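Chemist: Take a look at the letters that make up each chain.
There are 2 protein chains.
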Amino acid sequence: MDLHGAFHVYDTTLRDGAQQEGLSLSVADKLTIARHLDDLGVGYVEGGWPGANPKDTEFFRRARTELSLRHARLAAFGATRRAGAVAADDPGVAALRDSGAGVVTLVAKSHARHVELALRTTLEENLAMVRDTVAHLVAEGQQVFLDAEHFFDGYRDDRDYALEVLRTAAEAGAELAALCDTNGGMLPGWVADVVHDVVETTGVRVGIHCHNDTGCAVANTLAAVDAGATHVQGTVNGYGERTGNADLVAVVANLELKLGRQVLPPGLLREATRTAHAVAEVTNVPPSSRQPYVGTSAFAHKAGLHASAVKVDPDLYQHTDPLGVGNDMRLLVSDMAGRASIELKGRELGFDLDADSPEGRALVGRVTERVKALESRGHTFEAADASFELLLVEEIEGRRPSYFEVESWRVITETLAHARPGEEAVSEATVKLRAGGERFVVTGEGNGPVNALDAALRAAIGQAWPEVATFELIDYKVRILDQGHGTDATTRVLIETSDGASSWVTVGVGANVVEASWAALVDGLTFGLRRHGA
Amino acid sequence: MDLHGAFHVYDTTLRDGAQQEGLSLSVADKLTIARHLDDLGVGYVEGGWPGANPKDTEFFRRARTELSLRHARLAAFGATRRAGAVAADDPGVAALRDSGAGVVTLVAKSHARHVELALRTTLEENLAMVRDTVAHLVAEGQQVFLDAEHFFDGYRDDRDYALEVLRTAAEAGAELAALCDTNGGMLPGWVADVVHDVVETTGVRVGIHCHNDTGCAVANTLAAVDAGATHVQGTVNGYGERTGNADLVAVVANLELKLGRQVLPPGLLREATRTAHAVAEVTNVPPSSRQPYVGTSAFAHKAGLHASAVKVDPDLYQHTDPLGVGNDMRLLVSDMAGRASIELKGRELGFDLDADSPEGRALVGRVTERVKALESRGHTFEAADASFELLLVEEIEGRRPSYFEVESWRVITETLAHARPGEEAVSEATVKLRAGGERFVVTGEGNGPVNALDAALRAAIGQAWPEVATFELIDYKVRILDQGHGTDATTRVLIETSDGASSWVTVGVGANVVEASWAALVDGLTFGLRRHGA
Numbered sequence: 051m052d053l054h055g056a057f058h059v060y061d062t063t064l065r066d067g068a069q070q071e072g073l074s075l076s077v078a079d080k081l082t083i084a085r086h087l088d089d090l091g092v093g094y095v096e097g098g099w100p101g102a103n104p105k106d107t108e109f110f111r112r113a114r115t116e117l118s119l120r121h122a123r124l125a126a127f128g129a130t131r132r133a134g135a136v137a138a139d140d141p142g143v144a145a146l147r148d149s150g151a152g153v154v155t156l157v158a159k160s161h162a163r164h165v166e167l168a169l170r171t172t173l174e175e176n177l178a179m180v181r182d183t184v185a186h187l188v189a190e191g192q193q194v195f196l197d198a199e200h201f202f203d204g205y206r207d208d209r210d211y212a213l214e215v216l217r218t219a220a221e222a223g224a225e226l227a228a229l230c231d232t233n234g235g236m237l238p239g240w241v242a243d244v245v246h247d248v249v250e251t252t253g254v255r256v257g258i259h260c261h262n263d264t265g266c267a268v269a270n271t272l273a274a275v276d277a278g279a280t281h282v283q284g285t286v287n288g289y290g291e292r293t294g295n296a297d298l299v300a301v302v303a304n305l306e307l308k309l310g311r312q313v314l315p316p317g318l319l320r321e322a323t324r325t326a327h328a329v330a331e332v333t334n335v336p337p338s339s340r341q342p343y344v345g346t347s348a349f350a351h352k353a354g355l356h357a358s359a360v361k362v363d364p365d366l367y368q369h370t371d372p373l374g375v376g377n378d379m380r381l382l383v384s385d386m387a388g389r390a391s392i393e394l395k396g397r398e399l400g401f402d403l404d405a406d407s408p409e410g411r412a413l414v415g416r417v418t419e420r421v422k423a424l425e426s427r428g429h430t431f432e433a434a435d436a437s438f439e440l441l442l443v444e445e446i447e448g449r450r451p452s453y454f455e456v457e458s459w460r461v462i463t464e465t466l467a468h469a470r471p472g473e474e475a476v477s478e479a480t481v482k483l484r485a486g487g488e489r490f491v492v493t494g495e496g497n498g499p500v501n502a503l504d505a506a507l508r509a510a511i512g513q514a515w516p517e518v519a520t521f522e523l524i525d526y527k528v529r530i531l532d533q534g535h536g537t538d539a540t541t542r543v544l545i546e547t548s549d550g551a552s553s554w555v556t557v558g559v560g561a562n563v564v565e566a567s568w569a570a571l572v573d574g575l576t577f578g579l580r581r582h583g584a
Numbered sequence: 051m052d053l054h055g056a057f058h059v060y061d062t063t064l065r066d067g068a069q070q071e072g073l074s075l076s077v078a079d080k081l082t083i084a085r086h087l088d089d090l091g092v093g094y095v096e097g098g099w100p101g102a103n104p105k106d107t108e109f110f111r112r113a114r115t116e117l118s119l120r121h122a123r124l125a126a127f128g129a130t131r132r133a134g135a136v137a138a139d140d141p142g143v144a145a146l147r148d149s150g151a152g153v154v155t156l157v158a159k160s161h162a163r164h165v166e167l168a169l170r171t172t173l174e175e176n177l178a179m180v181r182d183t184v185a186h187l188v189a190e191g192q193q194v195f196l197d198a199e200h201f202f203d204g205y206r207d208d209r210d211y212a213l214e215v216l217r218t219a220a221e222a223g224a225e226l227a228a229l230c231d232t233n234g235g236m237l238p239g240w241v242a243d244v245v246h247d248v249v250e251t252t253g254v255r256v257g258i259h260c261h262n263d264t265g266c267a268v269a270n271t272l273a274a275v276d277a278g279a280t281h282v283q284g285t286v287n288g289y290g291e292r293t294g295n296a297d298l299v300a301v302v303a304n305l306e307l308k309l310g311r312q313v314l315p316p317g318l319l320r321e322a323t324r325t326a327h328a329v330a331e332v333t334n335v336p337p338s339s340r341q342p343y344v345g346t347s348a349f350a351h352k353a354g355l356h357a358s359a360v361k362v363d364p365d366l367y368q369h370t371d372p373l374g375v376g377n378d379m380r381l382l383v384s385d386m387a388g389r390a391s392i393e394l395k396g397r398e399l400g401f402d403l404d405a406d407s408p409e410g411r412a413l414v415g416r417v418t419e420r421v422k423a424l425e426s427r428g429h430t431f432e433a434a435d436a437s438f439e440l441l442l443v444e445e446i447e448g449r450r451p452s453y454f455e456v457e458s459w460r461v462i463t464e465t466l467a468h469a470r471p472g473e474e475a476v477s478e479a480t481v482k483l484r485a486g487g488e489r490f491v492v493t494g495e496g497n498g499p500v501n502a503l504d505a506a507l508r509a510a511i512g513q514a515w516p517e518v519a520t521f522e523l524i525d526y527k528v529r530i531l532d533q534g535h536g537t538d539a540t541t542r543v544l545i546e547t548s549d550g551a552s553s554w555v556t557v558g559v560g561a562n563v564v565e566a567s568w569a570a571l572v573d574g575l576t577f578g579l580r581r582h583g584a
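Just so you know, the protein sequences line up as chains A and B, in that order.
Take 51 as the starting number for the first sequence in the numbering used here and just add one per residue.
Take 51 as the starting number for the second sequence in the numbering used here and just add one per residue.
Honestly, the hints are just simulated from the structure, not real lab data.
Only a predicted model underlies this, so the values are computations on that prediction, with no experimental measurement involved.
One should not assume that every hint holds.
No copy labels: a pair is met if it fits in one copy or bridges any two.
List of simulated lysine to aspartate or glutamate pairs, EDC-like, C-alpha gap at most 20 Å [claimed, not checked]:
| # | residue 1 | residue 2 |
| --- | --- | --- |
| 1 | Lys527 | Glu331 |
| 2 | Lys422 | Glu174 |
| 3 | Lys422 | Glu71 |
| 4 | Lys308 | Glu447 |
| 5 | Lys422 | Glu250 |
| 6 | Lys105 | Glu425 |
| 7 | Lys308 | Asp207 |
Isolated chain A, as found in the complex (with noise of 0.2 Å):
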């Protein structure tokens, strides 16, 4: 069943995802993310309220010419005309009419204690102002979408008036009422319920545009797609205010995987994981790795015990292939590792271990060995494949990749004399080591002593090996293991440092914070520079 074309997969994040607390787009981002968008396939891109704020009415000018998409259309959103005024005068309801977009997505009280308290008018003028944008604007040769706000609250206090706005907005030539849980606190048997009654008794046709505040956004939206609306709104990676949006990649990858509607381009759905990704980079709100279908952690296993069955049949222990979304089965390496799961990672990483030959079972048996007793330690590998990776390749190859030969380090923090509260103390780090034949030995600053030593040791392999002027250390996490015995714990540390193309995540482990840190950077770099061919 293709439903391209007759249903919608209509994206807010510029819009409505923007309201998230923290976030902020330049114009320059919302382009990207539109780009991002269409690369995914969906049908309406709203891109903000062209009139409202500067930012809005530039974004829409600079579509013209910088957006050339292939599969999205953009909507305009903004509000009906004024109490008391006429659409065809409203300076507002012209910006719309005139952004370019072409499709205009017009919000209405459709609750009638809002439009008596929130917006001030009559429940008659409410109407007018309905009935006399929505015409203006068709006439005007606009597809119109109306935005029903509060409309399940409003159909709860209110129903025959709230019916009469979805009416008056469809005789008036909009295409569809986007039914919106403003509030956010349906669950998904009554949205159904609502859905079901507004489809049988206007006939108008529905969308559904839901919040998370109870955590079924996803599945409300599923239920009014089952009780009739063939409007899906949502925002890239559930961002929006509050609790967020309906995250529509998940509702996209639950209609066409789960539900066998085929809502994008054929194809398309794989680029959810990418798409979700690239827009987290735009907007810097780090991407939760518990993501449904696209997070990191999404397809990740614990291997071991089970590792053995998933090689007969992973379906046994996944909802779905990963490959549908564009992401990956991830096998963790935990503690748990057994062989065959050393054996999968490898592979995974681009390893033939080969545990049928003698040597291949030896190699796998050291590797397993290592990486229990380093675990044992505290470290983990779980979340650093880089430094699996180097361990791997020592194992194999015999040695450990090696690019520098460290002699010393020093890192001193101290209070400065005149100092603002907060910034009383820097840190001063001093790396002694050998690269490529030479000694050096370098100074580093930093407003901590990782910092310093990053720095340092950077400056230091950056005179034999320039490429890692490229590498940058873009996360830090810290985690004191064996909690309870206050600073004298085993520290555990992770770094991930990127090249600007990719990232990869080292560990290091011990009783010093400083030098767990160190071990890490000095993995870090290390693997870098394997990448790089160095």
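Please arrange chain B on chain A, whose structure you already have, making use of the hints.
Modeler: The following block gives chain B in isolation, referenced to the frame of chain A:
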């Protein structure tokens, strides 16, 4: 309708939640989390798998003397006896029987293909394993629940066999069978249909255990309850493998606030926000601000536009009263603390802030402003009562309690010449301060910078205030805020100090991890000296 007692709220944070990638709990962590869960009033706390690993065995051993639960019963999780063995002779079954929990949740295969491919035994023997193990444990006085693993997939594959497993368990004396969507691929309608069929066909009491792979774990759990399940399993903050388990707090809040079912002891749902955040401090997994009901953004509204309407009727803009889950409405720009919560917190610590008097109102206002300002810079007072109390005392008494004045400090970490692996570095700190009218310059050593600073600081102060000899730093946690900026990000340190009889937590924040630790150390000693009447 009061279903407490009849209806089970069953938490599996300590067992299934701990399967989350990167999450690792010590025995002390698990005991702390169990106490928080008990405060929330859950009916059952699944503590782990005694006998499967030393940590879980120790947890149940220590729980006997160290855990006194008011609401919850402890449950031990484990497998049916081995194929071909006898339950009464199986050491794994004995570990469950003897754990002291009194409740055993037995996991059993209910998917025919898993029995054959993963368990590698016959369908008949699997039934015998269930029958024999349940009967033995019931005869030994245990309350037994069955976790039917891969139930929903198994039901699709071979309905008759899946139902037979449930019947077998029930006939042998199991109180209920929790149907597990182990791979997490279900949608609410499917769950409802299966649960309905199971209840109708077998008459077995049904529980539900969902994972969030489709983004529908909460909705699936509610669908099961609607279809007749009377036992819900989930985890705090939705922790768990892959995309996590059903978020138990969201499930319970929906049941109580949306569906009118009282499933926790009356009033305890108000502990939800505090519990979720306290558990996140223990796991050291940053909580999601967007988490339904308990997230810091869950009831945050952009101020401005709607502010006046919010004043007239807050329910126009929120789906439920945030106080019902112990959360708070926030108008954005500001951070967490409202005046009411500051007042409550003060009272909790033994300070009557008397907000009805003009002085009291002004005091609460000043404290609220300072808490907001500090939280916006990364402080947290949720877990750091001692730091909050110092701030409160400072505002009440007009000056911060102070027993020493620090002049400067310095800490050096450097590599040792002849060191063993993992012990290559040592730290040395020098602290200069005045206390009791004298000036002290003291040097301390440690296996890390904070350890060395702690040693030097306590040695210096101890000469003026001998009571610090009884103080010990017993827990140290580091969190990198604002991740994605590498070692350049803000660091938050929580330090727990003990005097042998009691302990208290202080917080420090700074760009420099050593400086943040120093601030928390100083607060920790100051608070202890004040408590000891110095």
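Chemist: Are the hints correct? Go through all of them and say.
Modeler: Here is how each hint holds up against the structure:
no., hint, in the structure
1, Lys527 to Glu331, "both (9 Å within a copy, 15 Å between copies)"
2, Lys422 to Glu174, "neither (63 Å within a copy, 37 Å between copies)"
3, Lys422 to Glu71, "between (33 Å within a copy, 16 Å between copies)"
4, Lys308 to Glu447, "neither (45 Å within a copy, 61 Å between copies)"
5, Lys422 to Glu250, "neither (55 Å within a copy, 48 Å between copies)"
6, Lys105 to Glu425, "between (36 Å within a copy, 15 Å between copies)"
7, Lys308 to Asp207, "between (35 Å within a copy, 16 Å between copies)"
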